[in-house]
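Student: One line per chain: the protein sequences are A and B, in this order.
Each residue of the first sequence is one higher than the one before, starting from 29 at the first, in the working numbering.
Each residue of the second sequence is one higher than the one before, starting from 29 at the first, in the working numbering.
Please keep in mind that the hints were generated in silico from the structure rather than gathered at the bench.
Everything numeric in this text was worked out from a predicted model, so none of it was measured.
Treat the hints with care, as some may be off.
[Unchecked claim] To give an idea of the interface, some chain B residues facing chain A are shown, with a C-beta separation under 7 Å as derived from the structure:
#1 Leu71
#2 Pro73
#3 Ala115
#4 Ala118
#5 Leu120
#6 Gln121
#7 Cys146
#8 Pro149
Ideal Cβ positions, reconstructed from N, Cα and C, are used throughout, including at glycine.
Protein chains: 2
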Amino acid sequence: MKLIGTYFSPFSRRVAAALIALGIPYEHDDLNGYKDPERARQLNPVGKVPVLVLDSGEHLIDSAVILDYLDELVGTQRSLVPTAGEARRAMLQLAAISTTIYEQTTARDFEARRTQDCIQPNLIERYRLQTIGGLQALDAASSLQGLIRKAPLNLATISAVVAFEYAQMLHPDLDAAAIAPSLARVVLDLGNEPAFQQTRP
Amino acid sequence: MKLIGTYFSPFSRRVAAALIALGIPYEHDDLNGYKDPERARQLNPVGKVPVLVLDSGEHLIDSAVILDYLDELVGTQRSLVPTAGEARRAMLQLAAISTTIYEQTTARDFEARRTQDCIQPNLIERYRLQTIGGLQALDAASSLQGLIRKAPLNLATISAVVAFEYAQMLHPDLDAAAIAPSLARVVLDLGNEPAFQQTRP
Chain A
29 MKLIGTYFSP
39 FSRRVAAALI
49 ALGIPYEHDD
59 LNGYKDPERA
69 RQLNPVGKVP
79 VLVLDSGEHL
89 IDSAVILDYL
99 DELVGTQRSL
109 VPTAGEARRA
119 MLQLAAISTT
129 IYEQTTARDF
139 EARRTQDCIQ
149 PNLIERYRLQ
159 TIGGLQALDA
169 ASSLQGLIRK
179 APLNLATISA
189 VVAFEYAQML
199 HPDLDAAAIA
209 PSLARVVLDL
219 GNEPAFQQTR
229 P
Chain B
29 MKLIGTYFSP
39 FSRRVAAALI
49 ALGIPYEHDD
59 LNGYKDPERA
69 RQLNPVGKVP
79 VLVLDSGEHL
89 IDSAVILDYL
99 DELVGTQRSL
109 VPTAGEARRA
119 MLQLAAISTT
129 IYEQTTARDF
139 EARRTQDCIQ
149 PNLIERYRLQ
159 TIGGLQALDA
169 ASSLQGLIRK
179 APLNLATISA
189 VVAFEYAQML
199 HPDLDAAAIA
209 PSLARVVLDL
219 GNEPAFQQTR
229 P
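Bound conformation, chain A alone:
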């Protein structure tokens, strides 16, 4: 199995963290879709990473689809998402909140890099409020009894740790730890976990 996608992409990083958490060995190809869009489009019609190349040669695209496949591969006893019901909905929604943080943090970074006259403050503010709302929602789910917790690793926790570290990296002024202190504690507890330690960009 080969994972294509730089760990600077939180979408790629959460797949890598899931592979490590599930004990699935993989090769890694560090493609950055922004730096080499042509190669990214050759691997994926919409030119994004991650792409997972199965041993059969099949190419899988989209991190949510890849993660759904990994759960099927390892079976219901070890899967990162419950198979049904309210538990499944809660887990997938927390993961979706994290991927929205990935998107809006990236969008905010692109906006902030424009020349001063071109920056749209209303967009920056929209992304900021969406990121804060997302971090608060993840924080509310972060506790020993919550879905975001030290162990066992699940999709909500993996996606949230990656979201937190990504927001910290690209958006330090936001002070993610002040907004989400319980999540910050989980991130700290898991800092040396191979799933995160080996995938840090």
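Let chain A serve as the given structure and place chain B on it in line with the hints.
Tutor: Chain B in isolation, oriented as in the chain A frame:
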């Protein structure tokens, strides 16, 4: 059940189309998250539509999560996505290509509306190539034998019809029908289907 989200949002529209295709009655609240971001954030911590309010009062966010729930609700005989294997992967990947077209078409529209000096041509070109690649991939799956076909409706077809009409609406210069003639034929065949006819923005 109440679906919150304007049909101008392709993410909301694909959920509405799925509800109609599955014969699930729903109320509709036409919230536009860009026009009323405060209300959107009250309903969803990351301020996006769609939100599905269940009769129990539970709020479900994220179109992919909502669609996963609807499939569980109707059961495996009627679900819009196969439950496992290569068939499931293929269906989910085609749907993910469509949602990327939603995203990049929206991003391109926002970029194109900036004042002339602020438009970044490299971003416009990136979005254009991603949309073309996505439409070509959907087109290759559009035929009587493909996953994108007139009947029975499945998630790939619903998501693709919405992607095609959204790209046509926001991006007429792209000429989606010329890029994806087989998909255009499926869209034409399904034009009066209630799932699409009743949800057109």
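Student: Now look at each hint and say whether the structure bears it out.
Tutor: Now the hints, each set against the structure:
1. Leu71: violated, 11 Å
2. Pro73: Holds, because the Cβ-Cβ distance from Pro73/B to chain A comes to roughly 4 Å (cut-off 7 Å).
3. Ala115: This interface hint is violated because 12 Å lies over the 7 Å limit.
4. Ala118: This hint is violated: Ala118/B lies away from chain A, its Cβ roughly 10 Å from the closest one there, beyond 7 Å.
5. Leu120: holds, 4 Å
6. Gln121: For Gln121/B, the interface hint holds, since the closest Cβ of chain A sits about 5 Å away, which is under 7 Å.
7. Cys146: Hint holds; Cys146/B Cβ to chain A Cβ min 4 Å, cut 7 Å.
8. Pro149: It is violated, given that the least Cβ distance between Pro149/B and chain A is near 13 Å, above 7 Å.
Hints 1, 3, 4, 8, counting from the list given before, are not met by this structure.
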